[in-house]
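Peer 1: Protein chains in written order, with my numbering: chain A, -16 to 238; chain B, 20 to 262.
No lab work stands behind these hints, which were simulated from the structure alone.
Virtual Cβ for every residue (Gly too), placed ideally from N, Cα, C.
Be aware that one or more of the hints could be misleading.
[Unchecked claim] Chain A regions said to be covered by chain B (calculated; three or more residues, Cβ under 8 Å):
hint	segment
1	45 to 58
2	136 to 147
3	178 to 188
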Amino acid sequence: MIDEPFAVGSTLFHRLDARVKCIAAAALSLDLALTGSFTAALTGCLLTAFLLLLSRPDPKLLGKRILTVNFFTLFLWLTLPFTYGGAEYTSFLSLQLSLEGLGTAALITVKTNGILFCFLALLATSPLVNLGHALEKLGMPRKLIFILLFSYRQLFIIYQEYERLQRAAALRGFVPTNSMHTYRTYGHLFGMTLVKSWKRAERIHQAMLLRGFHGKLIPLNQPPLTGKDQLFLFIMLLLSLLLAGVSLFPCPHTL
Amino acid sequence: MTPPTPLLELRDISYTYPGTAEETLSHVNFTLTDERIGLIGANGSGKTTFFQLIMGLIRPQSGELFFQGKMVHSEKDFQELRRTIGFLFQNSDDQLFSPTVLEDVAFGPLNMGASPDEAKEISIKTLEKLGLKDFEDRITHKLSGGEKKLTALATILSMQPKLLLLDEPSNNLDPATRERLINILRGLDQAHIIISHDMDFLASTCAQLYTIEHRQLHRCDQKQVHSHEHLHPYGDKPHQHGT
């Protein structure tokens, strides 16, 4: 159920240290999220698109992800030009469109895609386990890291548990209809899944205690930062600073 | 000459599950003197409870537990005990929680203070010993039932315990894997206690039987472990015998 299709590969991005990638992704995505300047957003988006290209993702999968995200931005294009207001309007097919609304929709679309590219290039190229360990090394609260890693690991087990119960119900002739019996059955299925998952979590915690777990996950693989990692981090931070500069001090002739 | 201190001793241990009126185990006494013990008993008689009490996963309402001659009481004492006693769960899915086999087998050694390189080395050696060479990068939840069982055993053996508690290890194993497990257990240096309903399996791996009956642990002196061959239809297919 859970694959990490983007994490498989041998490009520079797959080999870089996850800590470096986390910092770079945080810096770039913050830039993109906070900027109000279209120039900065577009530059950032082009930059992260370039990074994404370098990580050589599977084009089909990439297309799917981009479509999924832009399904949401589509709603902005459908609503903002009519509701945003402002002084200037343009007409299109006898519709009155707010120029400012169009501008905002475009800005949000560019920002969204920029952040998506940034995450796909920098974060999706590491298995989640490595990201978890990296975040822990960077000083994130340990409890949050546990929740992240264990929800991820257990999600498919919980799903399997639910599927098993559902199959058992189907095998005994259960066909969902719009009836009290159906709702009650689903209630039982969800409830049982919850209870079983809880019990299982308890047993896994026991298994961890038995093997000497004392509140700290020790990663098996975490080589020290290489020169390449450091150089990459330096370049990424420099670019983020430049982007921040562009959005804080826009040239007078641009938007 | 005084006899050597037993690794494990239970004195007068009683346990009642919360919310139930009746005791599951009542005034159980046990001293580990034999090396290879089989534990039999009806479903729900308290065999797994007995293991959980030894490991400190549940705490008795009364009684004392001694490990290497010292009383075990606090969580810290039990942490020490768990480094020396390994517990193989009935369900391997509960035991394997890391993404890859290597990470799971190395989890124990890492927690015990081994460096990543040492932990890796111990894990690979342990896997090799169990005939699981080149399993390092396999995904734990995609293994077959038999492979899961052997991997779970590897996660325990990599901590180099002195005593193994095995809870129905031969359940749901095909004859070949079951045979493999028997050979592995016979070849190990560790003492073990095995819960099983599979008498043939116990006969091949244990020298002494205990049983839990009427909430008490009994050493079976009168019952002798023996083996006999027999014939019945489909005998070459996977099957189980009643105890």
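Peer 1: The structure should be examined with respect to each hint, and the outcome stated for every one.
Peer 2: Against the structure, the hints:
Coverage of the segment 45 to 58 of chain A by chain B is violated in this model, with 0 residues showing a Cβ closer than 8 Å to a Cβ of that chain against a need of three. Check on the segment 136 to 147 of chain A: 3 of its residues sit with their Cβ under 8 Å from a Cβ of chain B, so the three-residue criterion for coverage holds. Proximity of the segment 178 to 188 of chain A to chain B, defined as three or more residues with a beta carbon under 8 Å from a beta carbon of that chain, is established by the 3 residues found.
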